[in-house]
Amino acid sequence: MLDLRYPIGWFFALIGMIVAGMGIFAPEARAMLTAANVNLYCGLFMIAFGAFFLLLAWRADRSRT
Amino acid sequence: MILAPVDYLILALYFALVLGIGWKLRRKIATSGDFLTAGHSVPVWITSLAFLAANLGAQELVGMSGNGAKYGIMTAHFYWVGAVPAMLFVGIFMMPFYYGSRARSVPEYLKMRFDEKTRALNACSFAVMTIFSSGISMFALGLLLQLLFGWSFTGSVLCSAAIVLAYTFLGGLTSAIYNEVLQFFLIVVGFSPLAIMAVARAGGWKGMASHVPAVMTHSWKYMGNPSENPMGIEAFGLIAGLGFVLSFGYWCTDFLVVQRAMAADSMSAAQRTPVLAAIPKMMMPFIVIVPGIAAIALMNMHIGYALPMRNGEPDYNQAITTLMAQFYPAGMLGVGLTGLMASFMSGMAGNVTAFNTVWTYDIYQSYIRPGAPDSHYLKVGRITTVVGVALSILAAYVAGRYNSLNDLLQLVFSFVNAPLFATFLLGMFWKRATGDGAFCGLLAGTAAAALTHGLTLAEGKGGWIANLHTFSSSMAQNFWISIFAWSVCFLSTIAISLFTRPRAESELTGLVYGLTKMPRNEGAPWYKRPVPLAIGVAALLIVLNFWFA
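Line by line, the protein sequences give chains A and B.
With positions in the first sequence counted from 1, the corresponding number in this note's numbering is that position plus 94.
With positions in the second sequence counted from 1, the corresponding number in this note's numbering is that position plus 1.
Simulated from the structure, these hints should not be mistaken for laboratory data.
It is possible that some hints are incorrect.
[Unchecked claim] In silico contact screen, one side only, chain B against chain A (beta carbon under 10 Å); selected entries: (1) Leu4; (2) Ala5; (3) Leu10; (4) Gly21; (5) Ala199; (6) Tyr329; (7) Pro330; (8) Met333; (9) Ile497; (10) Phe500; (11) Ala525; (12) Trp527.
Glycine is no exception: its CB is placed at the ideal position from the N, C-alpha and C atoms.
Next up, chain A with everything else stripped away, as it sits in the complex:
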């Protein structure tokens, strides 16, 4: 049976990298009402979120074997 934590982890890590990449390489892309680099912070958070799921899935795999 598919362990759903893997696709969730990979997906958020990937879009986190894309969004954080936007924050790093196109830092001038800003929205009207905020001065913060939204892409960078949100991207980093998504990478961490994805990594957390991958870690959980990996640990479950290891305890199974």
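Keeping the supplied structure of chain A fixed, place chain B upon it in accordance with the hints.
Here is chain B on its own, set in the frame of chain A:
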């Protein structure tokens, strides 16, 4: 709103992922049970998030943030009063009968407990309602995407429906449930930064509160008198109408959500599914309602943000999308949009899979062609998926074309739904209740709902027989209609049951309280036992209510 290539890339990755999950799960499907009930094999963390996400459609996201902008934090009553208590109740008290009876659907439970006609009534009304609510939310999404990005209505409706069809066709209920979990996380990740930034920009909770009327930041303080709050309701109508009748009627009897819990891999997991789902459910107001309040605060601060106007008043339903446009740059905007699409798809897949099971098992197998081999029902289940999606698309166009028909249908659905919980309550907890009693009670309750609507008036609606009472808002009228419908159904079911012959107790084992061994989970740690978990959730709920009173 203009999207950059990176936004489309994120949306495309999401589409690829949901299809990939469906593709990966296709080999798991061998029987109709695998396809329609997920073979009772889904882990509890997945069923509980799916339980929540199946109900979290795009309409809810957009509508509840709009209500937040219109009414303020008292909109949270739809979560804290109108959902969480019922979710705890269905988990602790009703799941032993749903899951324990081994029924494959809610109408099938009614057949086991009462009789064929009660099941037929429930199955048919549920099937029709599911298709129409799926169509109505599809229509809302098409309209929203057209408004935001100028996408073609037909194009976005057909494209999103095709994707939902593909992954539910491939992997059945399991695929729908797995994708709902992914969709839930996308909604949270896509929308919570918006809530945080909007509140921060408005000066935190205190700053926000100083820029909006006081009634918008208190959920209970102005509930004493309907004239004091913008919803026009009072505490009794709210608690009895919304908190008891409507909310228990939905969360405890609607197969769309109950189906997710029934897919769990054990009785304890089925019981914990709604209880665990209640935790994120009570936090949802912070993601959907608070941004709506922040939108009003930002508007009153005159810093260049304003809700668009429509018919002379602010278009509250655009709160969340206009905030997105103002706070998210290209990149994050794609994630937010994907969250919106995800919420729409999870809602639609929920409708389609529930319709599938009810049609295949409760209508086709029961009345059209009983006794065929299982492979036949698997095939019918797959075909029903296609037909269900096609009917929803049709319903979306009907809903768009005939606005008044749409309103009428929603009104009729509310009449049919209002008395339902009385039937289930008596069925599960009073062994003397009979099939004739349940059937007549349901009809009487629906009639009482229609009659209440015909005799009262609110905001120019109702009163088509005579006007005996005028409510301060149609929300209040709605709550009172359901209170009357429930009471009439409850009393007439009891009365008729007492005059009809009860079923033998031996036939009711596992279906009624007192004749069923209630599950005990001694030995398991507290966080794996439904009751301690539910007590914890209830405590948290009370704290939240006091905090934002």
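Against the structure, the hints come out as follows:
{"no.": "1", "hint": "Leu4", "in the structure": "violated, 13 Å"}
{"no.": "2", "hint": "Ala5", "in the structure": "holds, 8 Å"}
{"no.": "3", "hint": "Leu10", "in the structure": "holds, 7 Å"}
{"no.": "4", "hint": "Gly21", "in the structure": "holds, 7 Å"}
{"no.": "5", "hint": "Ala199", "in the structure": "holds, 8 Å"}
{"no.": "6", "hint": "Tyr329", "in the structure": "holds, 6 Å"}
{"no.": "7", "hint": "Pro330", "in the structure": "holds, 4 Å"}
{"no.": "8", "hint": "Met333", "in the structure": "holds, 5 Å"}
{"no.": "9", "hint": "Ile497", "in the structure": "violated, 47 Å"}
{"no.": "10", "hint": "Phe500", "in the structure": "violated, 51 Å"}
{"no.": "11", "hint": "Ala525", "in the structure": "violated, 19 Å"}
{"no.": "12", "hint": "Trp527", "in the structure": "violated, 21 Å"}
Taken one by one, the earlier hints fail for this structure at numbers 1, 9, 10, 11, 12, listed in ascending order.
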